[in-house]
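Using the sequences and the hints, build the whole thing.
Chain by chain, the residues:
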Amino acid sequence: GTALDKIKRANKVYHAGPIQIINSTIEMVKPGKFPSGKTEIPFEFPLHVKGNKVLYETYHGVFVNIQYTLRCDMRRSLLAKDLTKTCEFIVHSAPQKGKLTPSPVDFTITPETLQNVKERALLPKFLIRGHLNSTNCIITQPLTGELVVESSEAAIRSVELQLVRVETCGCAEGYARDATEIQNIQIADGDVCRGLSVPIYMVFPRLFTCPTLETTNFKVEFEVNIVVLLHPDHLITENFPLKLCRT
Amino acid sequence: MAVFPWHSRNRNYKAEFASCRLEAVPLEFGDYHPLKPITVTESKTKKVTRKGSTSSTSSSSSSSMVDPLSSVLDGTDPLSMFAATADPAALTAAADSSRKKRDRDDNSVVGSDFEPWANKRGEILARYTTTEKLSINLFMGSEKGRAGTAAFAMSEKVRTRLEELDDFEEGSQKELLNLTQQDYVNRIEELNQSLKDAWASDQKVKALKIVIQCSKLLSDTSVIQFYPSKFVLITDILDTFGKLVYERIFSMCVDNRSVLPDHFSPENANDTAKETCLNWFFKIASIRELIPRFYVEASILKCNKFLSKTGISECLPRLTCMIRGIGDPLVSVYARAYLCRVGMEVAPHLKESLNKNFFDFLLTFKQIHGDTVQNQLVVQGVDLPSYLPLYPPAMDWIFQCISYHAPEALLTEMMERCKKLGNNALLLNSVMSAFRAEFIATRSMDFIGMIKECDESGFPKHLLFRSLGLNLALADPPESDRLQILNEAWKVITKLKNPQDYINCAEVWVEYTCKHFTKREVNTVLADVIKHMTPDRAFEDSYPQLQLIIKKVIAYFHDFSVLFSVEKFLPFLDMFQKESVRVEVCKCIMEAFIKHQQEPTKDPVILNALLHVCKTMHDSVNALTLEDEKRMLSYLINGFIKMVSFGRDFEQQLSFYVESRSMFCNLEPVLVQLIHSVNRLAMETRKVMKGNHSRKTAAFVRACVAYCFITIPSLTGIFTRLNLYLHSGQVALANQCLSQADAFFKAAISLIPEVPKMINIEGKMRPSESFLLEFLCNFFSTLLIVPDHPEHGVLFLVRELLNVIQDYTWEDNSDEKIRIYTCVLHLLSAMSQETYLYHIDKVDSNDSLYGGDSKFLAENNKLCETVMAQILEHLKTLAKDEALKRQSSLGLSFFNSILAHGDLRNNKLNQLSVNLWHLAQRHGCADTRTMVKTLEYIKKRSKQPDMTHLTELALRLPLQTRT
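So the sequence lines, in the order shown, correspond to chains U and S.
Take 1 as the starting number for the first sequence in the UniProt record's numbering and just add one per residue.
Take 1 as the starting number for the second sequence in the UniProt record's numbering and just add one per residue.
Note that these hints are calculated values from the structure, not bench results.
Among the clues, some could well be false.
Stated by the list, open to error - Straight-line C-alpha distance at most 30 angstroms; calculated DSSO-like pairs for lysine-lysine:
no. : chain 1 : residue 1 : chain 2 : residue 2
1   : S       : K283      : U       : K219
2   : S       : K283      : U       : K243
3   : U       : K99       : S       : K274
4   : S       : K274      : U       : K243
5   : S       : K366      : U       : K125
Being a predicted model, the structure only gives us computed values, none of them experimental.
Below, the structure is given as structure tokens:
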């Protein structure tokens, strides 16, 4: 029920129509006639934002799309149709100023730290420790850290890093929030050695990530889940919100 | 046609010899001699050190001519260069200099002393095999597919689907089940080919998918016995891929002006190349599963060179850490081996990562004995002693990479760390396999101690002792420890119950024993081997190892009298009961004997043993034996026969030959050798007696002759028999056994009609005439000095021979018979001389028997006339078109014979020669140059005394001009 609900709400947001953040028009050629043959017309114009809006990076998501297009119209005499051509161009924001402050996180996962467990007694005992070097990440640098299986009664099947993107868009009727897995990286395969640190290392995929975005109308955020699969069929997840930026 | 009488020219051989002889001029040292400049002088090489260099730098004194070969090579010809490097002193010098060079180069290149992976490949593939069914699962879909669903379960239903593999459509999944090992290998090879094809057709994504799918197979440990081989096969594909990617990016850096040097820096790479390279790394970084991500990235490690100088040195430690995520210890150790392999290839100077791999491995070592692994083994039904030997290929490789030119301190540290771990047999084994033999050898006693402490249930101990033994065969332990080492090791080896385990271990230790100890210890060891291998005929399964033992023993005992005094040596040979193996061993022994025995011997121990060995070889010959094999065996037996000498005890020697003949009667070359040996013995006797045989020696010599006479008929080769008859006849003649010599010659004559027209020479049928001609000419030379038998007519042997030649069916269109007659004419001319050209000491030839008797000469001339008539008759038959050329050349050759041997003062003969001259030129077939030369020769001869009549002859010989 909820998924359908989300789509409906998202549709509502969508139906509210795209929000225009930039619109400028320039005249390239004065009315007249082109000489025969190929004619190239150089042009340039500054990207001036409408009102007090912000110029965001190009982003293609599920519910949120930030897209910049360029349209060229050629008006012609009465008898001929006008010609129009459209193409997308990509905007990368200028690197944010100032140095990123690292924000390391230590974590410990045991049956006791878990939420959402139906029968805690059925869970095998385990102790997993680790840390992320920083949850403030530079988008071009990998996410790094370490994970140690200190002990585990059950054999480990796999440890994975799940990169999740969360889009939230709001409107007068509420907001829609949707999380999408955009990358899953296995960092341990099989019953890893106890007490030996396994590196956490994930490169952010270029196509599906952008700096974390928070506006009044929508948000694009990222999270990483550390997923541990235990024998025979236990799935343990620990969630860490990330803040991505470009420097 | 008129009958032409023959008149031989009178010859004064002494005077002719004196006039023809070249005058010898003594040569002073330093005088010019045409052969001198090209005498090979060993040229000095730069690598030769002080030691021994004085002798090898004998410079050539003649500077008159520069040898063009050596000048091209900058004064060092390659052969002497090899010679110089083969010289141990030079070798160490070279090694030193290269080591220094390596140090300078910051260890950036792996030397030739590093055993490459390619050497290990085949060994691993051969050793780790399986009869179980294998499966390949290829999932070419999106990365969302979970490994769990595609797990490599053995098929529940038996289905064999061998679909085409070339369909790698998105989302397609192939599961090939029930593959035999060979099928599996073929499939992998097909994948390798598809990879290359995909790459060639610019389908880079498909290529990447194939590689990912292949590397995924390495996370599958079902049919675990096959894992090492699987690793070899799949890493081959990865190597291919790595090479393709690197070369592609490299080619992007090449513009039309310049080619990137091998050692380029990232600044030289252009932006397109860098971007492409980066794309590859991004793609690989997003591979979901750990193992494929690791392998594929490792395979293109070298590409980091395009991105940054420090790329590889940052990447290697990260990849090393990444392996910690691999839970299965076997999979993980092979991943480490692959990383070390790539690392050694791309950046051998980055030792840190190698070491880190080793120490990480030690940290996870305890997993091997952990529950997860044990459970898996139970499921697969594999026990620990067969599981643990799956590790050495990977471990040995890692250990070898680290220990390559590693400082002693590091090796010691590694060893100490291994020592501290429990269940360390596996580690010890790899230390012994990979570390320098010298390092191991000096610590032999420590290792023996450690091996003894190892847990019995784990890694098989005999493998550990085997590894140690291999080191000791290469390097020597301290003198004082040697005996103790042998005792300690053998104490354990002798207790091994399984004959296979035992022999694999014992075989290695035999070399150490032979190297450092006397025949007493070797005897003990051989006795022990016999004791272990005899029950239940265990030796039948271990022939290769037993053969190796024999080879090692003979390699160290060159003195065969010592070797055969090792009591257990012959009983050891008795274990080789399969004939083919037995013969192989015998061959080895004989080869060693021929190679090492310097002096002839009569040692009864050696003779008995080797006769036995040779008899074994001989008795293996049967109707199916190949010619080559027979040749080889004969060569070996002959080698032995030639080495047997009883010194002055000739009778003993002869009886040895008699015995040998009865033993080796099936090998013709051996019989031939025996005949030659006996002939030699007869001549030897003659030499000792200085030509005057006593009654006793005369009888002995006749015995020798008889030996030959009765042996020759048993041979099959017709020319072998003919030549041996002739040769033995000559020997008989030399020993004044006249009637025996006659018998040999008669036998030869009566054999001639049997000479077939075609004979088999090295597998090809060839006409025999030229061989017959050669033999007969040789025979004629001997017949010159054979005295006539008083009871037979004059020249009875020559007459008989002529009859045989007359009756022999000669090839049509062949002039061989006439050529032979011409030779007979030469013989008869030589026989009509007052004193013959040569004699045999103490044998009166016909010249002294007849003393120029006119009757004898008349007989002789009559024979000549007959022969001449035959020749002329033949020349006449050649007057047909197609034979004119032959007529011309034969006519000229007859002309030359008359010129050389006939007396041209005789008018008829003179006329005949003029006719022949015309005949030769008649149809324009003669070679003008030859005719001119011949005429010049006649004119020159005419200037000699007694030869003035030739002047007149020359005037009658016109030269035909071609008009």
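### Task
Go through the numbered hints given earlier and state which of them the structure violates, listing their numbers in rising order.
none
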